[in-house]
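6 protein chains.
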Amino acid sequence: MSSKYPEYEDPMAHPRYTGLATFFRAPHTESFAEADIGIVGVPFDGGTTNRPGARHGPREVRNQSSLLRPYNQANGLAPFNLCKVFDVGDAWVTEAFDLEKALGEIQSFFARLHSAGVIPLAVGGDHSITLPILRAIAKEKPLGLVHFDAHCDTGDDYLGSRFHHGAPFRRAVEEGLLDPKRCIQIGIRGATVLPKLWQFSYDAGMRVITMDELQSLGVVGVIREIGNVVGNEPAYVSFDVDGLDPAFAPGTGTPEVGGFTTWEAQTMIRGLQGLNLVGGDVVEVSPPFDPTGVTALTGAAMLFELLCVLADARFGTSG
Amino acid sequence: MSSKYPEYEDPMAHPRYTGLATFFRAPHTESFAEADIGIVGVPFDGGTTNRPGARHGPREVRNQSSLLRPYNQANGLAPFNLCKVFDVGDAWVTEAFDLEKALGEIQSFFARLHSAGVIPLAVGGDHSITLPILRAIAKEKPLGLVHFDAHCDTGDDYLGSRFHHGAPFRRAVEEGLLDPKRCIQIGIRGATVLPKLWQFSYDAGMRVITMDELQSLGVVGVIREIGNVVGNEPAYVSFDVDGLDPAFAPGTGTPEVGGFTTWEAQTMIRGLQGLNLVGGDVVEVSPPFDPTGVTALTGAAMLFELLCVLADARFGTSG
Amino acid sequence: MSSKYPEYEDPMAHPRYTGLATFFRAPHTESFAEADIGIVGVPFDGGTTNRPGARHGPREVRNQSSLLRPYNQANGLAPFNLCKVFDVGDAWVTEAFDLEKALGEIQSFFARLHSAGVIPLAVGGDHSITLPILRAIAKEKPLGLVHFDAHCDTGDDYLGSRFHHGAPFRRAVEEGLLDPKRCIQIGIRGATVLPKLWQFSYDAGMRVITMDELQSLGVVGVIREIGNVVGNEPAYVSFDVDGLDPAFAPGTGTPEVGGFTTWEAQTMIRGLQGLNLVGGDVVEVSPPFDPTGVTALTGAAMLFELLCVLADARFGTSG
Amino acid sequence: MSSKYPEYEDPMAHPRYTGLATFFRAPHTESFAEADIGIVGVPFDGGTTNRPGARHGPREVRNQSSLLRPYNQANGLAPFNLCKVFDVGDAWVTEAFDLEKALGEIQSFFARLHSAGVIPLAVGGDHSITLPILRAIAKEKPLGLVHFDAHCDTGDDYLGSRFHHGAPFRRAVEEGLLDPKRCIQIGIRGATVLPKLWQFSYDAGMRVITMDELQSLGVVGVIREIGNVVGNEPAYVSFDVDGLDPAFAPGTGTPEVGGFTTWEAQTMIRGLQGLNLVGGDVVEVSPPFDPTGVTALTGAAMLFELLCVLADARFGTSG
Amino acid sequence: MSSKYPEYEDPMAHPRYTGLATFFRAPHTESFAEADIGIVGVPFDGGTTNRPGARHGPREVRNQSSLLRPYNQANGLAPFNLCKVFDVGDAWVTEAFDLEKALGEIQSFFARLHSAGVIPLAVGGDHSITLPILRAIAKEKPLGLVHFDAHCDTGDDYLGSRFHHGAPFRRAVEEGLLDPKRCIQIGIRGATVLPKLWQFSYDAGMRVITMDELQSLGVVGVIREIGNVVGNEPAYVSFDVDGLDPAFAPGTGTPEVGGFTTWEAQTMIRGLQGLNLVGGDVVEVSPPFDPTGVTALTGAAMLFELLCVLADARFGTSG
Amino acid sequence: MSSKYPEYEDPMAHPRYTGLATFFRAPHTESFAEADIGIVGVPFDGGTTNRPGARHGPREVRNQSSLLRPYNQANGLAPFNLCKVFDVGDAWVTEAFDLEKALGEIQSFFARLHSAGVIPLAVGGDHSITLPILRAIAKEKPLGLVHFDAHCDTGDDYLGSRFHHGAPFRRAVEEGLLDPKRCIQIGIRGATVLPKLWQFSYDAGMRVITMDELQSLGVVGVIREIGNVVGNEPAYVSFDVDGLDPAFAPGTGTPEVGGFTTWEAQTMIRGLQGLNLVGGDVVEVSPPFDPTGVTALTGAAMLFELLCVLADARFGTSG
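Residue numbers (my numbering), protein chains in the order written: chain A, 164 to 482; chain B, 164 to 482; chain C, 164 to 482; chain D, 164 to 482; chain E, 164 to 482; chain F, 164 to 482.
Same shape as in the complex, but just chain A (with noise of 0.2 Å):
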């Protein structure tokens, strides 16, 4: 495997806890006009509503992603060699106290972002910042979705709030941002707060996995149906560690039990290969709920994945 950018391919030479922490120690810069891929952390956990932290998300992912080596395995995927990436820095905010104001920072970030031609692979923060980032992206034409994750995230107004971290796929259908018919949301379970919480989703024809059902096909097998949901057309992939079970990620904001293994994880997103993959986000990692620091480590893992699959549908010879 030749490199075209042989500068950024080894970050082996500092052993691996050295340095300041950026992600998968990718050069930092704050000029969106060097990169290919741009890694974006979103501190900003202002729509949970529940157990904030998330906000401390994108440091600690930094941190346990050193941990992290450029060379995948299971699929011969080399992101570094593909295309540039760069650790872009945070999509602060200066309103933090206003949830809406603050989204709409975010969203001025990836705009800009977007509009330099850098494909965002973002960093939560709590699924709220999903929303802004579709608001940017998905401007031009509705996307798909493959979304990982233990709930739908199609919920309505709740404490007074239409955009909190439990609804921003609703709104995302329903500003026209994603196209219903090819989004699909596997793991899906636990109990829920109304009889029938996830309601839009089946009304609005988003293909729905829930853990039963992915039990029941298997990794291959929603694989398939992945390919079947999104087909060829552009489509946006956010992952909720929450969608694995909290023995693999405990440090979540709504952890719910009976989720998926890491591996299933893996597989699932290296099975992306081959989509029209566009961006991309990894949410929902809280640190002061993960004294051990493993959900960071396997929310770099799975950013890994991501970042992978993204990098050869835009760069790679899928794409």
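Bear in mind the hints are in silico, worked out from the structure with no lab data behind them.
Be a bit skeptical, because a hint or two may be false.
You can't tell identical chains apart in this list, so a pair holds if it fits in one copy or across any two.
Claimed, not checked - Computed list of lysine to aspartate or glutamate pairs in DMTMM-like fashion (alpha-carbon distance at most 25 Å, straight line): (1) 264 <-> 319; (2) 359 <-> 258; (3) 344 <-> 388; (4) 344 <-> 303; (5) 264 <-> 320.
Using the hints, position chains B, C, D, E and F against chain A.
For chains B, C, D, E and F alone, kept in the frame of chain A given last:
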């Protein structure tokens, strides 16, 4: 789904981290007359042979149970619509230093509850508490048993006691509280202190499903076997969180690696729908060994599944 | 010592780890008519500028307060004998995503409590909650203030908000709720974001005792100074646990090394006996950053000392 | 300084994290004949009224004691040069579920040790273990007592038991094992369950130094007072780690804020040099509540100071 | 089952939390003459490339192994009945700052053990320790290898060293200590620092089973493959706990998500029964990263399974 | 106070939990030409004799230092106004397995920094790193030393090494890098492995202030003594966090109970104002032993105090 008791339907008026912690934020009462099902804390760990702390279990299960919600997506059950569920407080003991007296006090509490016609759902405490519960509710006729655990808990005297947490089911069979032919023990594993520590189970005719057999049968096979063993007569369910692998439930007194997952546990409990259940318990959550609270959360999730099938058995269409 | 209310005198009938967790295992009521002093949880951290989590504070302070006991050895006070102390539940908010609306809801709760003649003792939540409490109880006339904290909390707008947790006492002075000449702030230290961040305190005439001055004066000198500043008119006490050194209270949102000890804090609060106290709070216990629970225990211990002097001021011989 | 027993002088041949964990990496023996001083674990917490776990104390104190070294810089004492110090293992019990029988077993162990002429230094375990030790060694004549603790532990029956960990010194005085006029209790504080919970201490003539008095006297004043009370007759030292502030010893069963510091504790114990000490203990280290191990380390450090003054009293120039 | 050595059969006379911590509470000896199998701690982590702490592994595995019991329910093996098993202490090093000298010291220890005819079962320490063990026991003839791990550990020089923990099996093959055709490596996964980091394994003819292949084959298929590769000649087993998923073993130096479960691990090790095993190790338990102790417990459980098949191979009916 | 470099004055534009973690959120550069003071991470713990992990110190001190702010309330110093302060990255090593080579690499880094005229402020790493720093900056003339620590670190060879973390100051004196008559060591305590482990300090004429003497002198007395010893010639400051009591700094490799407080430490460092300081370090923060992060926060706070007096000495009015 219509509700008989609409006033208990909306625990979500409050954010989930607020208010006094009761089981599932159900109303608290000390009057048994009001309740159909009474969830009871049993903060006692005087039968523990190794790592204590389960006395703190009810508090933390109450606390973490606030994260749960009333509608069970997987099977459509809504226990708070089916019947009046109350947190009836703790079966606390005053003679905490004397194991037999303490068990007697616990028995008295459950006997009062039973006399009042309240279906008991208990949260331990260590596994020694199941014996006095059975003494209170199985006097009329031996019950069947569905028992999830790493250990058969049919051992004999140990460290001078007949009533420690490794022996309750032996004593219950000996006292005629359980019909061994209708007892099934699931998840059994781990090395033992004697060559045939659980021989009593086999000799008495209890059905023992080891982890290896569980892996062979799959959860569907186990569910079928439960039905075969327990039949249609009244049965009790006892869920020891150490049946789960320590990855899912590290905070327990006698952890055994190689256990089942939370998804398997949820699915097996849901498979009890249709049985003639008369009570149940979740035991051995030990908060001092559970720094992330994930074991208490998991215990609460198992308690919710038990509540669903118990409410359905007694007050639902299966009943 | 005779008791007016013998029925509340013996919380020790139960072992301390049992039962629903209320503040000091005091009886819970939602009827304000019953109470002389109402202890209130305020599970809100929407004013936090950095590390969130204080929304979980009331739950854990309730939990750890079970370790406390009714008789204060140091000063002989027995608050449960002096008056009717109730846990009156939480001043929870429904508009949790909107800081100003949330503060309005909190104000309403305390206004109702105040109208009912109940003396408030609050447990935060972040320090932004003190402003709505003062709005509720200090409408008639400005109060004096005894304020233990690492920070003066008299800052100005920050991140677009006037009501974050670093500004309540500035707003309270501006709104005429506090008489700055009768305000004393104790334990102030730490670096600041602006050269004279707390200049408002000095300009308004509040008495600021830094940690260095506290070390010079000693606790006896500080107690004398408190008396000089506050005088005999009505005063409020606000205890931010970050006034303590992080060794004693690590679980807080804005820790500052170099603080006072728990013994110093207890002694200073006991030194408030004889003042005309009308309410108080303990704020900024953040359980996600408090894995051992020691901060919540310490917060509960400070709450107990406040309860003692408050009960004495209003219902005791000092009153 | 010459050594009588050079073979025990160099524990530093091994790196400190290696080898089986014995107290101070002293040699282990089950033969009492070899030892001058025997350090004994007493892994029993059956007398605990609240948070259990002290049964795991000896293990963790052994583990953390590896960090200690043989020469006491502060007072020049080198206990391993003065006499033969052994880890004589645990006074473990076989009747763990029966408090009185368990205390009887502990007494038998110490009686055998005493008969063999070995000076006992015990590591609990909860404070109930001190009574059987005194029964074993104080039969001939009542001893004096230097007692560091937050609590006098001279309470009466509680939860049906006379022998819980809040009563050992009352029972010891009643049984004639201690001469109350020669007993001093240091560090007393915290609220109480009864108005005069520790009245027995005062009535019996024990000298009680509260934290407030300790702060007034200073450690030098306390040391002088110890000497005045205890005199030259044989005395026992009991160190409950909850005498320390929870900042220094969070991992204990009954933490009380406002305690003394480790430096104060070390200095007060060093001040016992010259007394006629005949044994001692360190109790109430509870590892499940001590995630960083700092309490076990502190317990080990206090044990080392006790060992120094005990070795000096019996085998040194002070002896 | 009759026992050759009844005196070692009953470790349950003591409660499990008591006594000095030895491996499985087996007797400790420094005399190799007494032992058939010697369990050895190797507290060395000087070969670690990233997160240190495995030097503390033997202590904690000893501690947690107290929870284990002598009879293996799954396969009926009772190692303490088959042969004399001793904790022979630690292969500690005196030249801890010099990697090569340290490995030399470790080699000397195992050479002495080997000369004495004792079968070694080691507990690391990082994976660099396996090389000196093989140097000590495989001089006569290359061994086969069953290697459970996330990494092949057949890398080349790194950070200036040939002997770090990512290279021992390359060196062992190069030195003729292992027959690569009889080596199998199971659980391999994770991204790599070089495109073909483990190419040596493939080039040398070692059989590499990645996690993906393990999932395809199932544990039964893997067991069959192990038999095919290793055959009947002498073989060594090396179990790196990072082969397990971090949910099961978070406390390790190089965690890789997507690993196997404890049940799969136990079953695969049990599948080694019948092989001609001559020694083994469990490595990379790192207590500072293991706050709940679950990794040490899991390491101990794996060690027990190894002990069972090793005892059976050498002293049992399979032998 | 006017600022020479206004562009560095407002780190508060960003919320404090956002962005890449640099020391105090100062700008990062790898160009030494830009900096007046360079803060350097030294992620190396190869000189540790006991508990490793300080290699992770710089990362966590950077992380926690985000909580700090630019203006020092206590002494009015504002280092970012006085000079250009940069995070110049890590002095990482490539020969991590060879202690002497690693120290050589560290020395080279600091020599380049020194040649560029940048004042060094280092963050360890273990205490072995101070020797190569002194070799880099004290070649011209021996320096004075202000050394805060529990240990004199003037030991001799240990475990085969002359350069472990217990010996740097002996080597520095021997190599003529320090003038022992101008060296003061503060906070010394703890038992020792040899009767007179620190005799070198006394023999060489270094001034040793034990904890007992510190308590007698008080911090004002210590400050006076520092001035007397160090005088007006150039001096270096080395702050080992184990000088603090473990209550304030549990996460360190060689904790010793009985240390000084954070307030005492801050006050003593502030007392260095007016000395001719030329560099400094904070060492021995070990994150794996610091689950709450309080030690890293404390280390960052001490680093800030050092930065203030160092900036003042070289670029302020004291300079």
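Could you work out which of the previously given hints the structure breaks and list their numbers from low to high? none
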